[in-house]
Amino acid sequence: MTDRAKLLDLQFIESRHLLIELAAFLDRMDRHAGNGDYRFDALKNALPILLEDRPDRAKAILEALSDQSAEPIPQAAFQGAFGAPLPLQTGN
Amino acid sequence: MVSRTTDDYQALALAGCEAVCEPAFWAGFDRSSPQGFYDYFSQLTEYEPRRAAKFGIRHFSWLCINPKEADDPVFAREVMSLIPQFLGAATVLGIGEIGLNKNTRNELAIFEEHVQLALDHDLPILIHTPHLEDKLKGTRLTLDALANFPALDRAKVIIDHVEEHTVAPVLEAGYWAGLTLYPHSKCSLDRAIDMLEVHGPDRLWMNSACDWGVSDPLAVPKCALRMKARGHPAPAIEQVIHENPRRFLSQSPRFVLESLTS
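Listed in order, the protein sequences are those of chains A and B.
So for the first sequence, our numbering puts the first residue at 54; every next one is plus one.
So for the second sequence, our numbering puts the first residue at 499; every next one is plus one.
Derived by calculation from the structure, the hints in this document are not laboratory data.
It should be emphasised that the depicted structure is a prediction, and the values quoted were computed from it without experimental measurement.
Heads up, a few of these hints could be off.
Claimed, not checked - Below, computed lysine to aspartate or glutamate pairings styled on EDC-like, alpha-carbon distance capped at 16 angstroms:
id, chain 1, residue 1, chain 2, residue 2
1, A, LYS112, B, GLU695
2, A, LYS112, B, ASP688
3, A, LYS97, A, GLU116
4, B, LYS552, B, ASP505
Whole structure, please, built from the sequences with the hints as guidance.
Laid out in structure tokens, this is it:
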């Protein structure tokens, strides 16, 4: 496999691009009117994980954006998924 | 491949693809009757193998009622009653992609009935895990449900669409894990390679999402190129994109890769 220098050569520009895209999305949301939204809250709440000193940040962010409840639900109100748990699904 | 154009088969052939296996899945809309599934199963077992064969590609399929349409148990059981008559088709590998969508009680019941159907016919199983926020819970419910089938050979079960938060429990429980590659929104090429590096290649398998959304039938060969760029040697790439799926799928005696022209 490769080393850090080669990974940077391969992926630094792409990662820089993704980071700026995320920053611009946050700016864009702040600039526009509208109500609060559980998806945006979940995204912002997961951001500090990026700076944690740990080997599994991707896993931790996926978990932060997951429904943590344990029991099957009686019936589905809709078929799709939106990327962050509805407030009633947090299991808290 | 029912959602794809014939151009995709041509591109797959040009990329060196020898075989595709297609799970029964959602049509992009809910079908209005079980008879719609009869036609769909006929398409999967008769027409698609012929369409693929024109490009030298073997087409195999998995049959079930997919989780998105499994929340109505009466409807689902009517569809399931159609499946045994198709299990004798020469290209049917097993039962799939079964599993959960929104993690409902009815989905879980129908999932368990599909597992029993596979056991009754001694077939491999392909399991879908839910999308996005529902994946973690759905994977846990799936693993718990499978644990109630002591007769199940875990080496004949692949749990698909794993991501960083679900891959470890699937592998630790003894199942195969599938990395489904998407251009956007789900598992990327680099993240799949990361999981290979962290968890090892023994029971991991990559597949290209080929559905109604933005997806790329050439995701697997593109991932092979990415593995090469990240310094993975050719034998390691060959293991993941060719040998591993062949090892798992060969548990079905119907999975034969002999040349279509021989």
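Checked hints:
Of the supplied pair hints, the one linking LYS112 (chain A) and GLU695 (chain B) holds, its CA atoms being roughly 15 angstroms apart against a limit of 16 angstroms. Restraint check for LYS112 (chain A) and ASP688 (chain B): satisfied, since their Cα atoms lie roughly 14 angstroms apart, inside the 16 angstroms limit. Among the hinted pairs, LYS97 (chain A) with GLU116 (chain A) is consistent with the structure: their alpha-carbon atoms are about 14 angstroms apart, no more than 16 angstroms. Restraint check for LYS552 (chain B) and ASP505 (chain B): the C-alpha separation of about 12 angstroms stays at or below 16 angstroms, so the hint holds.
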